[in-house]
Amino acid sequence: MCISLRENRFRLLFFILFYIHFIPFVAKSQCCSTGSPVGAAVNVGVLSRNTLRVNLYYRHSYSDTYYQDDHKTTELTSLKKAYYDFTGLILGYGITKRLTAELDFGYFFDKTQVLKYEDYKTTGYGLSNGGVTFKYGAFIKPAKQIEVTVGAGLRYPFRTEPQMHNGIQLNRDIQSSTNAFGVYGLLFLNKGFPEITLRIFSINRYDYNFADKKDYTYGDILMNSLFVSKKLFKNTFAILQLRGEWKDYDYENNKVSVNTKNTGYYLVSVTPTLSYSLAGRWNISALCDIPVYKKYNGRQLTPKYAYAISLSHDFNLGRKAKVEIAK
Amino acid sequence: MKRTLYALCLVVLVMAAACKKSDSTDPGTGATPFSFTSLVAQDTTILLTGAANITAHATGDGLTFTWTEENGYGTFIPNGSNPANVQWTICHAARFKIICEAKDKYNHSESKYVYISSRE
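Chains as they are written, first to last, in my numbering: chain H, 1 to 327; chain A, 1 to 120.
Don't take every hint at face value.
According to the in silico footprint, chain H covers these stretches of chain A (three or more CB under 8 Å from chain H) [said to hold, decoys possible]:
{"hint": "1", "region": "61-69"}
{"hint": "2", "region": "79-89"}
{"hint": "3", "region": "92-99"}
{"hint": "4", "region": "107-116"}
Between beta-carbon pairs, the in silico distance windows are [claimed, not checked]:
{"hint": "5", "chain 1": "A", "residue 1": "I99", "chain 2": "H", "residue 2": "F109", "range": "21 to 31 Å"}
{"hint": "6", "chain 1": "A", "residue 1": "Q42", "chain 2": "H", "residue 2": "A238", "range": "56 to 66 Å"}
{"hint": "7", "chain 1": "H", "residue 1": "V228", "chain 2": "A", "residue 2": "T64", "range": "54 to 64 Å"}
{"hint": "8", "chain 1": "H", "residue 1": "K191", "chain 2": "A", "residue 2": "R95", "range": "15 to 25 Å"}
{"hint": "9", "chain 1": "A", "residue 1": "I99", "chain 2": "H", "residue 2": "V256", "range": "17 to 27 Å"}
Because the hints were derived from the structure by calculation, they are not lab data.
It should be emphasised that the depicted structure is a prediction, and the values quoted were computed from it without experimental measurement.
Don't be surprised by glycine CBs; every beta carbon is placed ideally from N, CA and C.
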């Protein structure tokens, strides 16, 4: 029972961390956008059979620094700052002990750019893309705390036309959705060292985007992340994440154009996270993203910091069903 | 009973048809004729730190304007008191097609465009 609870707690933690960081709901990167993908959850491991996991998270991101290649620049920059507030919901369900399905949705409360030379700020809001993911536990050894999980998913837009406000079209960078479909694959590796209450795990994800109606394609994204998780006190965990992101150029009519040369980047971030677990079923986490290395194509606004909080709960639907049958 | 029901349905249908809202696309005799005469940019070349001032000249009743850039680039800054006038700014150098659609309350509409170039 103790092992089961502990295992559950770790799985919950992974789940939250995965989504808080790895769902690139808007991987847009124009010269004026916030650039970085911003997701929020982390588990990539599979769920136990008949377990329903509900995860709600909120994320805030702030950007006010332009980069040209790997250095800051203030030349010919048109934005003072940009920020967004986003909330997401993820539902995961363990279909079998090795197969898990997930649905995710997200909503931008505001996605704002403040202009530098005009007294004006422009804001978009609305649903981001939705996602459907299937994950399969290819190699699981609970006794040794080893897990290798692979997954694949589809991202779909809730709208395919750009958003308009009061008769004016919002620019690409503040659209809440990519207005296009995408697919992704992921790989999760985990190794636990229970004797020292430590875990090391890695999440790796590749996103491929399809073109929108205007034949604009957001660049593919590769994210690799290494986590070290250590139990601090009872039910309390500290996690340190080192994440590398690469985003390809965006494409217009299947080529890098004058309009897309300021897209694409390399970004390395460090993310300290604190997580509190209750009875192995509830979990609350807080984290912040701190970029430590940036290399951007052209001239782009880059993320300065982001923070996120997440609440997650597991429901054991299998057990409930058995009780109902027994009654 | 069936006949009564059929008759009742018929009466309801006739009443619904009679109550149909008059066609708002009919301008009538007192309407201002719709005309979208021009779309003018004060400057057709702007610096990246600047903004283009664009005005639509149109006449008609209950005019509304829709402003887009062909591929969704740049930021439109509305003129709160005059929807026929906007400023437009962009963060990279290229040539852009700004499109304005004017529409009156009778659903007459027309689009015009103007090219704006931005440079560093």
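Status of each hint after checking the structure:
1. Under a criterion of three residues with beta carbons nearer than 8 Å to beta carbons of chain H, the stated coverage of the region 61-69 of chain A is upheld, 6 such residues being counted.
2. Remark: the region 79-89 of chain A is confirmed as covered by chain H, as 4 of its residues place a Cβ nearer than 8 Å to a Cβ of that chain, reaching the required three.
3. Here's how the region 92-99 of chain A fares: 3 of its residues keep a CB closer than 8 Å to some CB of chain H, so the rule of at least three is met and the hint holds.
4. Look at the region 107-116 of chain A against chain H: 0 of its residues bring a Cβ nearer than 8 Å to a Cβ of that chain, fewer than three, so the hint is violated.
5. Between I99 of chain A and F109 of chain H, the C-beta spacing of about 30 Å keeps the proposed range 21 to 31 Å intact.
6. Distance hint check: the CB atoms of Q42 of chain A and A238 of chain H are about 58 Å apart, consistent with the given range 56 to 66 Å.
7. Range check, V228 of chain H to T64 of chain A: about 57 Å between beta-carbon atoms, so the 54 to 64 Å window is met.
8. A hinted range of 15 to 25 Å is violated for the C-beta pair K191 of chain H and R95 of chain A, which are about 54 Å apart.
9. Distance hint check: the CB atoms of I99 of chain A and V256 of chain H are about 25 Å apart, consistent with the given range 17 to 27 Å.
Of the numbered hints given earlier, the model fails hints 4 and 8; all others are met.
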